[in-house]
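Chains as they are written, first to last, in my numbering: chain A, 353 to 610; chain B, 994 to 1351; chain C, 117 to 409.
One should not assume that every hint holds.
Derived EDC-like pairs (lysine to aspartate or glutamate); straight-line CA-CA distance at most 20 Å [unchecked claim]: (1) B/K1135 - C/E382; (2) B/K1322 - B/D1014; (3) A/K550 - A/E357; (4) A/K523 - A/D418; (5) A/K483 - B/D1005; (6) A/K581 - A/D409; (7) A/K421 - A/E357; (8) A/K483 - B/E1001.
Here are the in silico distance ranges between beta carbons for each label pair [unchecked claim]: (9) B/P1087 - A/G492: 56 to 62 Å; (10) B/L1108 - C/Q292: 33 to 39 Å; (11) A/I478 - B/V1027: 34 to 40 Å; (12) C/V127 - B/Q1277: 48 to 54 Å; (13) A/G367 - B/L1108: 34 to 40 Å; (14) A/M353 - B/D1005: 38 to 44 Å.
To give an idea of the chain B side of the interface with chain C (calculated C-beta under 8 Å), a few residues [unchecked claim]: (15) L1296; (16) P1298; (17) G1302; (18) L1303; (19) I1309.
Rather than coming from a laboratory, the hints here were simulated on the basis of the structure. All of these numbers come straight from a predicted model, not from anything done at the bench. Note that the Cβ used here is the ideal one computed from N, Cα and C, for glycine as well.
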Amino acid sequence: MSLFEAQGISVRFGGIRAVDDVSFEVRKGEVFSIIGPNGAGKTTIFNLISRIYNSTDGKLIFDGQDITKTPPNQVAGVGIARTFQNIELFPNATLLENLLIGRHRHSSVGLLSQLAFLPSTRRAEIQHREKAEDVIAFLGLQRYRDALIANLPYGVRKVVELGRALCIEPKLLLLDEPSSGLNVEETEGMGFWIDDIKKDLGITVIMVEHDMALVNQVSDRVMALNYGKVIAMGTPREVQTHPEVIKAYLGGDLEDAA
Amino acid sequence: MRYLFRTEYRQDTSLARHGGDFFWYGLLLVAMIVIPMLMGEFYVGELGGVFIFAIAGVGLMLLVGYTGLISLGHAAFLGIGAYVNSVLLAKGVPFVITLPVAGLFTAACGAAIGLPTLRMSGLYLAIATLAFGSIVGTVFQKWTSVTGGFDGFPVPTPTILGFGLDGATGIYYVSLVVLIFVLWVTANILRSPMGRAMVAIRDSEVSAQSMGINLARYKALAFALSAGMTGLAGALFAHYVRFLAPDAFDVLLSVQFVTIVFVGGLGSLHGAIFGAIFVRLLPQFIAIVRDDLPFGIGRLPGLEPSLFGLVLVLVILFQPGGINGLWLKLKHWFTAYPFKRQTSSRRQKSYAKSERLR
Amino acid sequence: MEDAARLLQLVVNGAAAGCIYGLIALGFVLIYKATEMVNFAQGDIMMLGGFVAYSLIAHYGLNYWVGALLAIAITAAFGFALDAVILRRVIGQPQFAVVMLTLGLGFIFRAGAGIGWGYDSVGFNTPFTNKTATIGQLVLGQDNLSIIVGTVLLCGVLYVFFSKTRLGVAMQASSQNQLAAYYMGIPVRTVFSLIWAISAGVAAVAGILLSPVSMIDVNMGFLGIKAFAAAVIGGFGSIPGSLVGGVVVGIVEQLAGYYLPAGFQEVTSNVVLLAMLILRPQGLFAELSGKRV
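Kindly generate the complete structure, drawing on both the sequences and the hints.
Structural data, given as structure tokens:
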């Protein structure tokens, strides 16, 4: 059963086709990884899904709903959360505040109630805090709860960004290079979390990743891109042994390499 | 040092962090209530002026310090509030109505300027609000049938429940009440989803958007709230000066407001108050020492604006946290004494956050 | 016929005023392109340049041309020092900190000029003061013509400098990519200070060209606000754009002053500016793209 579907999406910058007629389908409950050399168009696909860029062609279908024209600030509302390659947290707010901002789509208290901080606002705030604390406990971030993001080490920020995305309570989670900037241990930890997110929270994950160990550890299926085009799709093993993929990474034929 | 143990979520959402806060703020409030009974008319009037600027300062702090949008046109909002209030009073509308109407009308003006400028940031917004301010200033001068133009506009004496507020003391108390109200509303904003959305926009627009925050909505809201508070300050300012001259609301005044925010300390409500005290008291201080300065420096006409300029320059170069940052450092030094660490007050290097479009 | 002549007269006057706006705007743009800072004190630097020229020519009795060149050099040196001592420190701080810093510097310059030269308007004799040129039926002030000719000449010099000299090319390179320029061995910080020097020099030229038309006084720096309109019309990144923008603002302002009721002339440039920012924030000449994530 498919949760998300891209049908022939494309975008071009200047004369370059960054994403060229890409189609894929993500099944409910799986971890779907996108791999490819630098500049293959992986992050661009994320920017298309989260509607920062407009697709020139094709369609995006999420949960039976056409989101091709959804404004970017409503993408979270339909249940898609994302992280960023270079971390886009709110550096001058505390960790807890960052997670609470992730709860934004669930806040429905009226303007006047917020201005006067009526009991309805207080009740909602307490609920948001309970949910945020769940995420803090899930990711083991207790000791950093009140620290400013600007004062946290890079590895921790990466986890916080994951936590903020979880606070959205998404059905689909887009992870843009979750392991970049992390050391080997931290990367392995990230792998376990992604596994937990899939199994315990039942969230479907699309991941852009360079680290093949992590891709093998968590992915159900893998799509390989090069020059904005899909060159292979299948299980991690199938894709990694695909001649086109090897050619894309090594820049020659299999025979030449051997 | 004090450690906070949190046992309830309720604690997190309350305004005071601990009992000590209640005590000190309560003491401050009592002192403010008693002061007019102990001090002369002049000092009460000046302190009232500080309150009025603090109200506008809190409004601007919400916009600049928490939402990250700059405005060099807030003098225009002060002027709009002042004229709406005074013109309505002159038509016989009671003060208890003109004051909120001045605030609401100015808020509407704020939303009106906020909406079209949504796509702008930093520099462009500074320029746009500067232009807006000077257009409004010209309107005050030329729309003589309403504002009286350069002849000025005498502000009627307000009455509340039959009491005429003709002295400095009456305006002092009204300003104090409005300041407390504005602080309360702003603190509420900051502990609700709305305030967090503004902070998110300040720190990263792309990310705020992907959290489901409607940038246009919250930027316009921040503008409206900020302008509304400044409008309230304007209504009170009219009674503080008692005679409205159209050229009082110029760029210089806008720069003074932004000075409140910067010198006080960005991103802190305490900072807005500290800044207002500084901006109001500097001219008084100059007036006192004017005759004692050597070489006739004190009698130079450009002394006051240039001192504002100098302080602004020094704060941005050497103390970006403003007075509030200085206060926090001092507090830290005393509570941690003698265990002061060399690094504890060292600033973190901030790297260029380029707004250049690549 | 009279109407046409009148119109032409207005256009020439407007173009002259517009050249001044354009020159100030050019200073904004040069600095903005290189360092992403906007110098809100640019108008005040023009004022300082005008006063220095006044001192040299009217007070010390130098020849107009010698005095003007010297004044430009002194103002440029001042611009260099300003960057090297103060503005270099705030690179990388949020943009509005820089806005406030340069606003504060503007106040200080104004007060400094008030202390040094007083608060009265002053002027000095130029070869163009109170002279007219007659072209057919048209009588034009040489002062206005000198502004236009001076601006065109200055632009020619700047164009040659930026495209033909080593230093000019180095400046362009540093503006486009600081890091790459640095790796290529260009002393980027010195280059930035030199760019400040050039834009201060251009501001001084504006002050000197303006002096036969209007007197020099402490508050003439407020013209800088009108120059923002010029820069924005040009897209805040284009040097020819800012000059065209300046001329547009100048002419529109003159026409508004003649054809619209009193009071409209003063707001024209601001209205143009706001309309431009709202309707076409990328300017007439530049393209806009979003931040990369």
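Here is what the structure says about each hint:
1. B/K1135 - C/E382: The given pair, whose Cα atoms are some 11 Å apart, holds under the 20 Å limit.
2. B/K1322 - B/D1014: 19 Å, holds
3. A/K550 - A/E357: 19 Å, holds
4. A/K523 - A/D418: OK: A/K523 and A/D418 at ~15 Å, within 20 Å.
5. A/K483 - B/D1005: At roughly 14 Å apart (the allowed maximum being 20 Å), B/D1005 and A/K483 satisfy the hint.
6. A/K581 - A/D409: 14 Å, holds
7. A/K421 - A/E357: Status holds; Cα separation ~15 Å.
8. A/K483 - B/E1001: 14 Å, holds
9. B/P1087 - A/G492: 56 to 62 Å: About 60 Å separates the Cβ atoms of B/P1087 and A/G492, which means 56 to 62 Å holds.
10. B/L1108 - C/Q292: 33 to 39 Å: 35 Å, holds
11. A/I478 - B/V1027: 34 to 40 Å: For B/V1027 against A/I478, whose Cβ atoms are near 38 Å apart, the range 34 to 40 Å holds.
12. C/V127 - B/Q1277: 48 to 54 Å: 51 Å, holds
13. A/G367 - B/L1108: 34 to 40 Å: 36 Å, holds
14. A/M353 - B/D1005: 38 to 44 Å: 41 Å, holds
15. L1296: Constraint on B/L1296 satisfied, holds at 7 Å.
16. P1298: 5 Å, holds
17. G1302: At about 3 Å, which falls below the 8 Å cut-off, the nearest Cβ of chain C leaves the hint on B/G1302 intact, so it holds.
18. L1303: 6 Å, holds
19. I1309: Hint holds; B/I1309 Cβ to chain C Cβ min 5 Å, cut 8 Å.
In the structure shown, no violation is registered for any of the earlier numbered hints.
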